[in-house]
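Enquirer: Sequence:
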Amino acid sequence: MVAAGDEPSATRTVPGFCTLCKSRCGALFTVREDHIVKVEPDFSHPNGDALCPKGRAAPEVADHPARLSTPLRRTSPKGELPARWEPISWDEAVRVTREALNSLKNLHGANTIALQHTSPSGTALSDSMEWIDRLFRLIGSSNILTSTENCNWHKDFTHTFTFGARTPPANWLDAKLGILWGHNPAKTWLAQASLISRARSRGMKLVVIDPRRSTSALDADLWLRVKPGADAALALCAVRELIETGRYDKEFIGRWSNAPFLIDDRTGCFLRPSAGSAQFVVWNSRHGRPEATSTECADPNWTDWSLRYRGTVETPSGPVQASTALNHLWTAAAPWDYGTTSTHTGIPISELRNFIDLLTEAMPAIGYHAWTGIAQHANATQTERAIACLYALLGGFDRRGGNVQLPVLPARSTAVSTPLKNIATGAGGQRHPLGGSQIGYITGADFQDAVLDENPYPIRALLSFGANPILTQPDSKRTAKALSKLEFYVHVDLFHNPSNEYADVLLPSSSLYENDSVRLGWELTVEGAERLQYRPQLVSRRGDTRSDAEIAFLLARALGYHDDEYFALDLDAARDRVLEPLGITLAELKEKLVAKIPLHASYEKYRTHGFNTPSRRAELYSERLHEAGQDAVPHFAAAPAAANGLPYLLSCVKNGYYCHSQHRAINSLRKRAPHPNVYVSERVAARHQLSPGMAAEIHTSAGAVTMTVEVDPSLADDVLIAEFGWWEGNPDLGLPALDALSASGSNYNTMITTAVADPVSGSIPFRSIPCTIGPAASLTTWAGKRLFTVTGRRMQTSDITTVTLSPVDRLPLPEFISGQYLELSMPGQPDRSRRYSLTCQSLDVGSSYEISVKRIEGGEISPLIHQVSIGDEIECAAPAGAFTVPHADNSSPLVFVAIGVGITPFISALRTAAYCTQAPRRPHITLLYSSRTFADMAYASELVQIGRILGDRFDMTAFLTRAPDAGEFQGVHHVVYRRFTPADIPDRILGAGGRVYYCGPAESAREIKQHLAIRGVGAHRFFYESFHAPTSSRHIPAADTIVSFARSNRTTKWVAAEGLTLLALAERNGISAPSGCRVGQCESCATRLVRGNVAHLVEVNDDYLDGSSCLTCQSIPMGDVVLDL
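Taking full-length UniProt numbering as reference, the numbering of the sequence shown is continuous, increasing by one, and the terminal residue is 1125.
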């Protein structure tokens, strides 16, 4: 382990992997002076084709100033928020935790303690999950709180009702058809998106089923815009058509499914040749009689069996009416003809026919993946069953080109066997006996009821690793009440969040970059499954933190499990024990970093072993579900009908730049997605007078939130889609935190109730909730241009004028974020517009805005602004702009660098800090202001006054390029008679984690950026807006152009009529180019432009591309270009 102070100065590149999502992408980490400075894909890794912005944000996560750095104990009463804390030692924190948990367990039993962890699929917890799970199982509580029922339960557990196994990964590269059903890997599983892209280039067709035209749907052969929650109807329609036309895999269905087995109409159970027999009864159509069959092996007589028999069957106890399992499935699917299905799903009949034709043409080489899009509904179990039964009819399970069960490394297991009698005592056992309670899991509703209502018994304590249930569980307010009522709550995390504000003890975990890790196998491919990799610790621990694994070991021993076969060892020795069956030691793996353990991969393994189901066959009819009172064959139950005043269905979506409710304080990510968005169709926007950027209130029967409107023309007119996970502010960007429990906040889960849930799993219908929408009560923007009148004008300097603008309609003006601009145009001249930074305070703006404009000789607009008179009218768009300047709540010092009129965005922030912000919230600000003379410095006298108000929180240096006048600098802290240079940014501030904000000429911005990079300051700590001439609108060129690939020494013609992206053009010409999602999301295809210009087909992040690169997957040439490929 690298300790604090052991800081190697040499630059080194370390292979490893990221664990912030399901991909666990291979990565190369560049480390210099104990800081990660760069993260790139490791192309030698089976999951290393690309790396998303989350993975590249490693330097920001590791060195973020808001990290928890020492154990904390609450000192304020439980209901008081924000909580107050005192630092304590690890020994004290562990002692308090041990005494509290052991005392409650001894008094009330293990189930009085709830145990919680965040998702290992979307966070770095996967590095430690096996040890956390072992700790939980040893504690003995059957109340493990996760979000499994709303995430992976259906693909990983409900799938077992049909195939006896979790959904295997698709064999994308051999598939003829791929289906993404309620799943968008371009945002959630980049390695899978990359494989799909490769499969597409080899001819695989792609169908995407999603209410929204997701990024994965942009390039699909068929996008089915299904109504939220109606997926089962779509699947049953396909089932009906396949059975009716006989276009299904008859060998698989007849021989390897329970389709021919007869079910007694009276009991709903399978007929048996005798009581207690393990055999089943089929109808032999050749001989016209029933006969027994065993599933211990394949029955050679399967071709004689009827798959659709329904009639009388003689049994030892007399005749009974019976039907085959396939006939039961047909009966359930029969109502779902094309017309009925189209009505319920919103999918045109022509597209339904196209879908089924694609299925039958490609079967059995069909790979698919379904995830939360089908899981987060009240009919989730039946939806998964319908899709699984459809897949059984297609015969793709474990077939080449289908979904294939991959081998796994035979390492020693760390799992703990929990007695069934213990599991049955979980708080959700009676409510969902076939759900997560089977393995000791409870739902959010189970937890709330047990804590608040003591139903079925009281839960009094919570041990949580990295979770944020107020943001991730339904009914956030009830969750908060439950957390507040707990007698003891200990939480492990990297950062504060709304949920751990209720904790009694906070334990700080180190980031994945500060820990070493061993990973056994990757999903998706055999090559990945065979890979064993060690990731070294990359940088020293920040503060007094420990890894999640180390904390699990620490707590296990403290709680009395020091004799456990693993926890009795240190972490490395425990890893050695796990690795022992693989024939490699941890020391050897540390030396090699990567090892390959050959595994035998095969297809159609069920021909030897059958299926791990009660019948040993793929089960179209589930006797297990029937005996639990559930539908034995899949049925469709529609989402709740639109209620009065709630005419729309609300669904949710994950923002691909974030890890669920985390990382919105990460600058490079927040710049890409600054606001919580709700997506509406054009018609809904018009109906409710909503425009892009406007704040809207969304209401359900349970609550309301406020989000920013985005118009999505692909959406149906009865569907809204909103992002979840929003609460965190970003002080560096001037974005305040959002109240996680208020309608003025944006926490999606405050709108969700637990009153309706899937009867088997307990899944909550996050994605199919009746709602309505309208403009927010507090105005935040307006649509189009608004007419203002000039109510004030004064000269700041000889060439800068300040103009006060008041709205003609006299309606209130919204607040804004310092640094944002107004776009102005003269009435009747909409094509002649310019953007000018707002200079007034951004809070409590009153009835007017203010801008300051420098006169540019020959300019179109600035001379006109200098000539306006009181009463003149100007048209203004609402405040906008991505360059924002903070005024409060920054723990890091700030540096404002202003060149000339570049002071304008900063004067707004300084005014807001001085006049609208309480002293304890003010950051330390250093202003470096360059001008020709003191007389040319706009706001000079006011800056002196602001300095007096801010006191020791403000320091100003004036850089003057001309000789001074005597006595003109009174009140200015420092004066330098020369031009500003980047070296003038104080090293002491950079060393303290300072953030640098710049407004001025573009050339100086580049110089500052280069200087900061040399000083080891990451790009995420530099924010800038440059002066540049406005660009004219660009159009897709009509003429062919020449594209040159510099590294490959190749030149080719780009044909305008084809419209190929640069990536597609490169690949057509056999030129290797980096790529990932192929929709502009992951930015892995970013390539340097040696010469020329391109047009992007999607919005791009200018900070990341910096004008010198392009996203080849979404760009076309604007004239001749040269690429660094």
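Certain hints may be false.
Claimed, not checked - Below are the PhoX-like pairs computed for lysine-lysine, each with C-alpha atoms no more than 25 Å apart in a straight line:
1. 854 x 785
2. 485 x 105
3. 592 x 78
4. 105 x 605
5. 105 x 176
6. 592 x 477
7. 481 x 105
8. 78 x 485
9. 78 x 105
10. 1009 x 1053
11. 250 x 205
12. 592 x 38
13. 78 x 421
14. 605 x 250
Because the hints were derived from the structure by calculation, they are not lab data.
Enquirer: Look at each hint and say if it fits the structure.
Expert: So, going through the hints one by one against the coordinates:
1. 854 x 785: holds (23 Å)
2. 485 x 105: holds (17 Å)
3. 592 x 78: Violated, at roughly 50 Å.
4. 105 x 605: violated (45 Å)
5. 105 x 176: Since the Cα atoms of residue 105 and residue 176 sit roughly 55 Å apart, the hinted pair is violated (cutoff 25 Å).
6. 592 x 477: violated (50 Å)
7. 481 x 105: Holds. Residue 481 to residue 105 sits at ~22 Å (cutoff 25 Å).
8. 78 x 485: With Cα atoms ~8 Å apart, residue 78 and residue 485 stay inside 25 Å; holds.
9. 78 x 105: holds (21 Å)
10. 1009 x 1053: Answer violated: residue 1009 to residue 1053 is near 36 Å, above 25 Å.
11. 250 x 205: Holds, at about 24 Å.
12. 592 x 38: holds (23 Å)
13. 78 x 421: Judged against 25 Å, a Cα distance of about 35 Å means the pair is violated.
14. 605 x 250: holds (18 Å)
When held up to the earlier numbered hints, the structure conflicts with 3, 4, 5, 6, 10, 13 and fits the remainder.
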